[in-house]
Amino acid sequence: NAGVMQNPRHLVRRRGQEARLRCSPMKGHSHVYWYRQLPEEGLKFMVYLQKENIIDESGMPKERFSAEFPKEGPSILRIQQVVRGDSAAYFCASSLTSTKNTGELFFGEGSRLTVL
Amino acid sequence: GENVEQHPSTLSVQEGDSAVIKCTYSDSASNYFPWYKQELGKRPQLIIDIRSNVGEKKDQRIAVTLNKTAKHFSLHITETQPEDSAVYFCAAGQMNRDDKIIFGKGTRLHILP
Numbered sequence: 001n002a003g004v005m006q007n008p009r010h011l012v013r014r015r016g017q018e019a020r021l022r023c024s025p026m027k028g029h030s031h032v033y034w035y036r037q038l039p040e041e042g043l044k045f046m047v048y049l050q051k052e053n054i055i056d057e058s059g060m061p062k063e064r065f066s067a068e069f070p071k072e073g074p075s076i077l078r079i080q081q082v083v084r085g086d087s088a089a090y091f092c093a094s095s096l097t098s099t100k101n102t103g104e105l106f107f108g109e110g111s112r113l114t115v116l
Numbered sequence: 001g002e003n004v005e006q007h008p009s010t011l012s013v014q015e016g017d018s019a020v021i022k023c024t025y026s027d028s029a030s031n032y033f034p035w036y037k038q039e040l041g042k043r044p045q046l047i048i049d050i051r052s053n054v055g056e057k058k059d060q061r062i063a064v065t066l067n068k069t070a071k072h073f074s075l076h077i078t079e080t081q082p083e084d085s086a087v088y089f090c091a092a093g094q095m096n097r098d099d100k101i102i103f104g105k106g107t108r109l110h111i112l113p
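Protein chains in written order, with our numbering: chain A, 1 to 116; chain B, 1 to 113.
Keep in mind that the hints were calculated from the coordinates and are not lab data.
Keep in mind that the hints are not guaranteed to be accurate.
[As the list claims (entries may be wrong)] DSS-like mimics (lysine-lysine), calculated; alpha carbons at most 25 Å apart, straight line:
id, chain 1, residue 1, chain 2, residue 2
1, A, Lys-44, B, Lys-71
2, B, Lys-37, B, Lys-105
3, A, Lys-44, B, Lys-22
4, B, Lys-37, A, Lys-27
Using the sequences provided together with the hints, build the complete structure.
What follows is the structure, encoded as structure tokens:
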């Protein structure tokens with residue numbers, strides 16, 4: 001059973017370009033969470049999704065950021081018109097459905113975005 | 001919404017000594033408190049968790065305590081070893097509810113030889 005898969009692991013973009021980060025949850029998991037980690041800071045919640053639904057996006061900046069988790073395929077975090085302040089590690093985590101939720105989040109290896 | 005505070009931000013202990021990391025939370029509805037360990041350049045991984053119906057839980061050299069009245073919980077590592085060096089995150093959330101898990105800012109633990 002493969003773990004949470006994120007790609008790309010490293011992404012370099014110039015200011016103004018778009019960044020797309022992908023996350024495939026663990027098999028059987030239908031809940032996906034995105035967190036941002038800045039250097040020397042903690043894991044800051046961004047968005048919580050279930051298949052085809054955004055459950056909580058209270059941590060997402062109102063502009064330029066969007067996330068989706070389609071019925072088929074990976075979850076995608078999209079950052080438009082990137083700025084230097086978007087440089088960070090973006091971690092995806094998945095968990096089982098809430099009715100059987102053990103609570104544990106399984107994290108991917110993270111995608112490290114560098115904006116030049 | 002939930003807010004989790006974690007202290008200290010950095011902690012250095014001599015190998016073999018104990019380490020204690022403390023966290024507070026704000027939402028009295030939170031009932032699930034996991035701790036994650038993140039080694040340098042790696043993914044965070046769950047090391048232990050506690051639910052609000054217990055006050056203490058142990059797993060070998062690791063223990064967590066929870067004080068619901070005061071809304072704080074702590075991680076205790078005894079007989080520390082070099083491989084315990086990492087960043088530790090506390091978190092809080094609500095079990096069996098569509099809710100996010102909120103993390104503290106982390107504690108960088110250095111085990112000194």
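We went through each hint and held it up to the structure:
| no. | hint | result |
| --- | --- | --- |
| 1 | A:Lys-44 / B:Lys-71 | holds (21 Å) |
| 2 | B:Lys-37 / B:Lys-105 | holds (12 Å) |
| 3 | A:Lys-44 / B:Lys-22 | holds (19 Å) |
| 4 | B:Lys-37 / A:Lys-27 | holds (23 Å) |
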